[in-house]
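Colleague: Given next are the chains, with one letter for each unit.
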Amino acid sequence: MTLEFDGVQFGFDERLLLSGIYLKCETGKITGLLGRNGSGKSTLLKIAFGALRAETLSVRIDGKVILPPAFCSREIVYLPQDSFIPDDLSLRKILKLYEVSEPSILQSFPELEHNLSLNADELSGGRRRLFEVVLVLHSKAAFCLLDEPFTGLTPVVVERLQEVIQKLKSTKGILITDHLYRQVISLSDTLYLLANGTTHLIKNKEDLIQRGYLIE
Amino acid sequence: MTIGVSLLTCLLFVQSGDPKAIVLFLWTKLITNGVALLFLHLFDRDKLYFFYNLGYSARRLSVLSFVFDLLLWSLLLSLTLIIHENS
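Going down the list, the protein sequences come from chains A and B.
The numbers in our numbering rise by one with no breaks, and the one at position 179 of the first sequence is 179.
The numbers in our numbering rise by one with no breaks, and the one at position 7 of the second sequence is 1007.
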């Protein structure tokens, strides 16, 4: 399956923040999105997901136009930067609501087993973030949009999470953005840079230097 | 919060015993439900992503919770009315 979005026009106070956008995400592949702080990465993901309205936008799955909001198709899930699970629900109930099986997440992260009976507000920040990332990754949707999934996680967990993402890409299309650019680059099959409101397909490190994302 | 308002209106209804007060209580419910939804949209927006991922739009979620809460309130008020008349 292929998820594509383009034709985005979005701005504040007559200032155009995003235009000339094209992103393609395929099952079996990981698509990376890099960009400086404030470049509009999160905004772009929110627009594609349908949580934020743009003046114009086209989202297509296998060439078929999806009417906004795209999340109503249940083919796309989104991991926001900030915590999104309710405080007063147990992790076990949340897994049930998202139709995610316990063994599937415990296989990768057995340490979560002791937390399943706890409510989200009883977890540490890192554990809560890990659960949210794993929840989104294991949900039934064909496409996962991950906004800073590595934030708040220890390096060991980040490494294991990278392995899980690599495993899951065989059945999903994953779009990932994070400031840990080395991890994003090593994971990605296709890499885009968002700069000056436009996406640029990146082929190598020199492209990132040339576009001002990295210094030599 | 909305459940609290429902219980409070039932209690006030028992105390007043005036059926005409139901109109006032209905307006109270509509206003407090509106305020609760507005609060969610303004100050707890991130929690909406939990429902978006389940395929519920903000509008659908608002309508469903609004209707469910009003039905629950109607049921509570009817029960209160029955108990009050029989006592």
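Any given hint could be a false lead.
Taking lysine-lysine pairs in the DSSO-like style, the calculated list, with each CA pair at most 27 angstroms apart, reads [as the list claims (entries may be wrong)]:
1) A:K169 / A:K205
2) A:K96 / B:K1047
3) A:K93 / B:K1020
4) A:K205 / A:K96
5) A:K64 / A:K96
6) B:K1047 / A:K140
Hint data in this document are derived by calculation from the structure and do not stem from the laboratory.
Here the structure is a predicted model, which means the values were calculated and not measured.
Colleague: For each hint, tell me whether it holds in the structure or not.
Modeller: Here is how each hint holds up against the structure:
Straight-line distance between C-alpha atoms of A:K169 and A:K205 comes to about 23 angstroms, which keeps the hinted pair within the 27 angstroms bound. With a CA separation close to 18 angstroms, the supplied pair A:K96 and B:K1047 stays within the 27 angstroms bound. Only pairs whose Cα atoms come within 27 angstroms are accepted, and A:K93 paired with B:K1020 is rejected, the gap being roughly 42 angstroms. With a C-alpha separation of about 42 angstroms, the suggested pairing of A:K205 with A:K96 is violated against the 27 angstroms cut-off.
For the suggested pair A:K64 and A:K96, the alpha carbons sit about 30 angstroms apart, so the restraint of at most 27 angstroms is broken. Between the alpha carbons of B:K1047 and A:K140 the distance comes to roughly 20 angstroms, so the proposed pair stays at or under 27 angstroms and holds.
Against the hints set out earlier in the document, violations occur for numbers 3, 4, 5.
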